[in-house]
Amino acid sequence: GAVVSQHPSWVICKSGTSVKIECRSLDFQATTMFWYRQFPKQSLMLMATSNEGSKATYEQGVEKDKFLINHASLTLSTLTVTSAHPEDSSFYICSARDRLAGTDTQYFGPGTRLTVL
Amino acid sequence: GDSVTQMEGPVTLSEEAFLTINCTYTATGYPSLFWYVQYPGEGLQLLLKATKADDKGSNKGFEATYRKETTSFHLEKGSVQVSDSAVYFCALILNSGYSTLTFGKGTMLLVSP
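Going down the list, the protein sequences come from chains A and B.
The numbering used here numbers the first residue of the first sequence as 190 and each following residue consecutively.
The numbering used here numbers the first residue of the second sequence as 13 and each following residue consecutively.
Warning: the hint list may mix true and false statements.
Unchecked claim - Residues from chain A that face chain B, not an exhaustive set, calculated with beta carbons under 8 Å:
1. V193
2. P197
3. F223
4. P229
5. Q231
6. S232
7. L235
8. L289
9. Q295
10. G298
What the hints assert, rightly or not - No more than 20 Å apart at the CA atoms, straight line, and that leaves these computed lysine to any residue pairs for SDA-like:
11. A/K230 - B/M120
12. A/K230 - B/L122
13. A/K253 - B/T112
14. A/K244 - B/L122
15. A/K230 - B/E54
16. A/K230 - B/Y37
17. B/K117 - A/L235
18. A/K230 - B/K72
19. A/K230 - B/S91
20. A/K230 - B/K80
21. A/K230 - B/T17
22. A/K230 - B/K68
23. B/K117 - A/K244
24. B/K117 - A/F228
25. A/K230 - B/T24
26. A/K230 - B/L121
27. B/K117 - A/S232
28. B/K117 - A/E248
29. A/K244 - B/K64
30. B/K80 - B/N34
31. B/K117 - A/Q231
32. B/K68 - A/F228
33. A/K230 - B/N34
34. A/K230 - B/K64
35. A/K203 - A/S278
36. B/K64 - A/T294
To be verified - Far from chain B, some chain A residues (derived; all Cβ distances over 10 Å):
37. D216
38. K230
39. E241
40. K244
These are calculated hints, taken from the structure and not from any lab test.
These figures come from a predicted structure and were not determined experimentally.
Just so you know, even glycine gets a beta-carbon here, dropped at the ideal spot from N, CA and C.
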């Protein structure tokens, strides 16, 4: 089946630094990728939708200058957490929509655990 | 807005027991309904789905029926295995126009030998 990878799987950084998380669709082309944030015992919260070659669409309450999303190719989207602070510590999950498989088919990455000290 | 409510976990069962994980939803339109499963250290995988009322989704022994009258999509399995231990997410997406997945909080299932 379709596979989505994320890198890194976990990262620890100091407050004030920036962290980049990559999301790749390994065996299919993804015109649309989604970034979610998951807190402990909470549901996945959609942060933004990124379409290849265009600007990301952010959900209400998500700071676009804080969470920079780039979707430069059909197989790669990146999320950069800029000037990270402890409250940004969370589990970040991406998903990719297979452009050939229909609008309700999304494949999820394994997630990236971010800890900001 | 749209929302999904799942029973809180963890659900702890012995192997071969019957499983039910309740899921109810509210939606402004006509949704498709999904169950995703997340095994430890892995991403979410689509387990099953149903796109209209009275549809039954099934996969790997799991079943769920789209009940419009009760706005429910309960997940069931007749005989669970240790390997079914995971977190299960109920989700919906509206069928009309551009829409994104709305998830429940997830229910952890722990199956002991």
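Consistency of the hints with the structure:
no., hint, verdict
1, V193, "6 Å, holds"
2, P197, "14 Å, violated"
3, F223, "7 Å, holds"
4, P229, "10 Å, violated"
5, Q231, "6 Å, holds"
6, S232, "4 Å, holds"
7, L235, "6 Å, holds"
8, L289, "16 Å, violated"
9, Q295, "7 Å, holds"
10, G298, "5 Å, holds"
11, A/K230 - B/M120, "9 Å, holds"
12, A/K230 - B/L122, "15 Å, holds"
13, A/K253 - B/T112, "19 Å, holds"
14, A/K244 - B/L122, "41 Å, violated"
15, A/K230 - B/E54, "16 Å, holds"
16, A/K230 - B/Y37, "19 Å, holds"
17, B/K117 - A/L235, "13 Å, holds"
18, A/K230 - B/K72, "26 Å, violated"
19, A/K230 - B/S91, "26 Å, violated"
20, A/K230 - B/K80, "27 Å, violated"
21, A/K230 - B/T17, "13 Å, holds"
22, A/K230 - B/K68, "28 Å, violated"
23, B/K117 - A/K244, "29 Å, violated"
24, B/K117 - A/F228, "10 Å, holds"
25, A/K230 - B/T24, "16 Å, holds"
26, A/K230 - B/L121, "13 Å, holds"
27, B/K117 - A/S232, "4 Å, holds"
28, B/K117 - A/E248, "18 Å, holds"
29, A/K244 - B/K64, "33 Å, violated"
30, B/K80 - B/N34, "14 Å, holds"
31, B/K117 - A/Q231, "5 Å, holds"
32, B/K68 - A/F228, "31 Å, violated"
33, A/K230 - B/N34, "17 Å, holds"
34, A/K230 - B/K64, "29 Å, violated"
35, A/K203 - A/S278, "11 Å, holds"
36, B/K64 - A/T294, "16 Å, holds"
37, D216, "14 Å, holds"
38, K230, "7 Å, violated"
39, E241, "16 Å, holds"
40, K244, "16 Å, holds"
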